[in-house]
Amino acid sequence: MEHAMNTMNILDAKRSARQQPCVRAVSVLLAALAMVVTASGAAAGPREQAKRIHDRIAGVPPSAATLDAMATDITAGRPQDAALLAMDASAFYTVTLKNFVTPWTNRDQTVFAPLNDYTATVIGMVRDDVPFNTVLSADLVYVGNSSLGLPAYSVANNDLYDQMESQGIDLKTGLVSSTQSAVTGLPPNATAGVITTRAAAQAFFVAGTNRAMFRFTLMNHLCRDLEQVQDTTRPPDRIRQDVARSPGGDSRIFLNSCIGCHSGMDPMAQAFAYYNFDSTAGQIVYTAGTVQPKYTINMDNFKPGFVTPDDHWDNRWRQGPNQLLGWDANLAGSGNGAKSLGAELAASDAFAHCQEEKVFKNVCLRAPGNAADRSQVNSMVASFKSSNYKMKQVFADAAVYCMGD
Amino acid sequence: MNLATGSSLDSMKTRGTGVRAVFGALAQRTGWLPVLAFLALAAGCGGGASTVVNPIVDVPAVPDYIGPAPANADVQAFKINLWQNIKANNRCGACHAAGGTAPILFARNDDINLAYQDANGVVNLTQPDQSRMVIKVGGGHNCWLSSNQACADILTTWITNWAGAAAGGGRQIQLVAPPDKTVGSTRNFPVDSSAFASTVYPIVRQYCSRCHQAASQTPQQPYFASSDVDTAYAAVKTKINLDNPAQSRLVLRLREEFHNCWSDCAANSDTMEAAITTMAGMVPVTQIDPALVVSKALTLYDGTVASGGNRFDNNVIALYEFKTGNGSTAFDTSGVEPAANLTISGNVEWVGGWGLNIKGGKAQATTTASKKLYDMIKSTGEYSIEAWIAPANVAQENAYIVSYSGGTMARNFTLAQTMYQYDAFGRSSNTDANGQPELITAAADRDAQAALQHVVVTFDPVNGRRVYVNGVNTNDADAQKGGTLGDWDDTFAFVVGNEVSSNRSWTGVVKLVAIHNRALTEEQINQNFQAGVGERYFMLFNVSQLINVPQSYIEFEVSQYDSYGYLFNKPTFISLDPNAMPGNITIKGMRIGVNGAEGKVGQAYIPLNKSVVDAQYTALDGERLSNIGTVIGLEKGPATDLFFLTFEQIGTNTHSVIEAAPPAPPTPADNPPVSDVGLHTFEEVNAAMSQATTVPTTNASVDATYQTVKQQLPTSVNIEGFVSAHQVGVAQLAISYCSTLVNDTTKRTALFPGFDFSATLTSGGGDLVINPLISRAIGTGLASQPSATAVHDELDNLIGRLCPGSTCTGTRTATVVKAVCAAAIGNGATLIK
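Chains A and B, in that order, are what the protein sequence lines are. The numbers in my numbering rise by one with no breaks, and the one at position 129 of the first sequence is 236. The numbers in my numbering rise by one with no breaks, and the one at position 115 of the second sequence is 338.
Just so you know, these hints were derived from the structure itself, not from any lab. Model, not experiment: these values are computed from the prediction. Heads up, some of the hints might be wrong.
Pairs of lysine-lysine, DSSO-like flavour, derived with a Cα cap of 30 Å [stated by the list, open to error]:
#, chain 1, residue 1, chain 2, residue 2
1, B, K594, B, K519
2, B, K833, A, K410
3, B, K793, A, K401
Okay, the calculated bits of chain A under chain B, using three or more residues with CB under 8 Å as the criterion [said to hold, decoys possible]:
#, segment
4, 267 to 276
5, 350 to 357
C-beta atoms are modelled at their ideal positions from N, C-alpha and C, and glycine is treated no differently.
Whenever a hint applies, use it, and build me the whole structure from the sequences.
Spelled out as structure tokens, the structure:
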């Protein structure tokens, strides 16, 4: 009720004294909120469950007809169908998914970033039930439907997606599948799903050493920041020269901190050795066979460090405590380039769990927090994999689990 | 001492220009000392000109040299470079002079040629630092300074100067077989976690679990405070030193780094150390695992000194290598008198492997001793400041690293750091008394890094200042150009790590400082960069017992990297038997062991898989196994840390290493209950209002409002994060949508069919407006929403309150409909999901 009181105070503040009659409208808000709070404690029937599913999936209230249809499905013991019905709403794509994905596409992890090819590609993959474990490796990008009169996809700017957003294009219908190799000029084997989208390149391949791409991919798709995967016992032979082994004259810092992340990260981030983002041209750069100069900057920080010769990567985390991330035994754990690294990451149990956890949090409005939740997530992971990594399945499972009793 | 006085000069005079020519050649070969001697001699040769007092010599006088002239140029080089410096009564001359008590009279002043003969028996001109004279004095034999090392270094410099350039290049290090030592015993972690569980675990569980467990809100590896003791035990092993509990990271983190102490860091670290000591007491000392394939062991100092540093020091006038390791004096080992030794004050610590860690203090010479810089640099008009440094951070500003100055407003020169940039102040005829405008390296280049760097500032009269980092010119042009040094001040003091006024503190490690009275060329600078810094040894790990190659070793170039670690570099397979060939030896999975145990961290050669074959092997250089270097943590110190190597395979000896599977993560604790409902976020609010009112989000009016309030609307679903500003934004957006709706006759007609906006509106007569709004925005027949009746009544009451006398007419009707609409779509029932 305190929030309700706040609500009233806010509107009080908003309206001036001469608008006194309008202030009374606040009472409606107060009353409505009070009733909601009261009602939320009541047992939920099919209509209430349908309303919540729709609210959580689409972010907007259902129409009366949709609500009725969903309630019917729930009553008939088909709550999954009700959830899929909610996904017919354009808002699921234009609002829910867009805001779900946008923070992954920039370093600030802000949701207030423009629509871009990274976000659009994920939305398209969800819509078309593209197996989501290809999100880090596919030669895929979603662009605007040509019938909409939008600018063509450009490797040099975000105009297409800016226009889609400003024109309020329905992302449920306005996106069509294409390939990065067709629209960006990247060789097909140099494409790696969202990793090689323009937005990701602009955010994570720009300047620096390309380690940002690895770190943010880890955060966004394996739900782990480096602190959670650091392992000081991996061999440091692949750590590049730019990492000081005695920062500020104290090698303890390296041996107890730096090495924990770099010993695993550097051998994997080597996969991005041919990529860069040209800020002037505004586009991704790929130099097949030639390591980007950013991989050899500050080489005198530790001359006997590793000098990157190519884009060969190795997953050192298949040994040690990080084998708990659940790597796919059918993959080699090493390879060349971003595409195979993306496949390695997306084939891990941690990747599948991460998608479940993200969706669970988005739909249930909380992280999995008890035994029942964890069991549900595990069951969703199994369902996700058995459905060939359909993200809609994940949203439906989570929405049904949290639709209320 | 005056080189231009005494009978030696008189005797030389008789040799005429021939001697002068010899001296000229020597001057080119061996640097400034011969040059000065030559100048002094030349003055003498002029006949009648008064003698010139050499200002840099400060050796107690001895009886004038009265013996025969040097027999040749080498004797002359010995005389002016070494003999002149050691003949004093407070140095070697006390015993090694004619009539002295020592058997070898290399400091005798009756016959320089005999002294030369004796000296040849105690010097090594090829490896001056290996001279018997140097080793003897370095070992404590009558050093005239407080540091034996400093005496040894100075003697080395003098002998090097005697040897001239011959000592510089192409020197071969003679590898010497180290003594065979067997790998020691140690305490190894038991398989079972019970010792840990009863000692250390309760402490870390209580005080470290806020972060160091997976279930933490802010999880931080390693998870040694995990709720599962086996998980914690697996993670804690790298943080505990059973052989030396005080050196455990768990202890040092509290004691020295003050990392999240729970009360008093000293007491907490004692508690932790006591617990680890108790735990160690429960673990028996064991010999190294007999299954391991191990090399013989040796300490750092059992290695062969790698003194191959071909530094270009021909023009050095002050040199600090910080080798002493203790005390309050950093010696000037340039051999150029007077020695401008630095007095250490404030927060400064010695660094293992040579160096000073400056943490706010400074190391400063006297103004008297510093004056030699003034004298010698003014005589050439150019100089170089050379330093091997590791800035502690790249956040410090106005941080003076090396300075010859008199306060913050007056200086001759200064090398400073400003975050990622180096600053070179240098007083000349083209700058002010503070050496400004200073030359600053480009910010974008980020030349300064918090890593060991070789930094050189040169000044010459034409180009002015130049900065070189790690042997490379930063190409920052000196706008002031060169100039003359006529305005230099000889009352300043030379200082390292600060300004003389102690208010320009630089923090970091300085491992070498050299001042040259010439502008070094880029080639010379690069030579000094390539020469490196610090003590280095070739460590030979004997593997003869493992393979069928006589006197075979794995050689590492090892240095003490800093106070806390060793650098192992350039692993090479080599046999000291020049006739031996390796055949074909496979070396795989090499690990570096310390004090009986393989270290867990820094094992860069685990992935090594190399075949040593005859075709790649040479008797001189062996065969390099890897170009990668690695840092291994220091445990007990360089004198006692006993290193060895283990192999997964060397030759036919194999040992399989199988890593234990990590324990399964424990079940995390349940999160506290949170609200079952949450807030619609900004774009959902916008979309819902658009849906309720049929006004598209792209409508210019509502979009303008939305863009204004977008970041004011809820961005998190957390209902506990709801604040008043959110509702203000919701209300503004609701009004915008409803205003646009009601102003659009088509849309309002479609949404409110039958309602006449030009007619009178009374309380109880608004159903045509209220009911569609409830249906679209709030829903009906939902127990989780307010009842339609209650909402209807409230909205109807609103009409009554907003319409004077409960009746609206004219434009007021539309206005009130807007208000009713805004109340219907912008309330808690639509904001909560």
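Taking the hints in turn, this is what the structure says about them:
no.	hint	verdict
1	B/K594 / B/K519	violated (52 Å)
2	B/K833 / A/K410	holds (22 Å)
3	B/K793 / A/K401	holds (25 Å)
4	267 to 276	holds (count 3)
5	350 to 357	holds (count 7)
In the structure shown, a violation is registered for the earlier hint numbered 1 alone.
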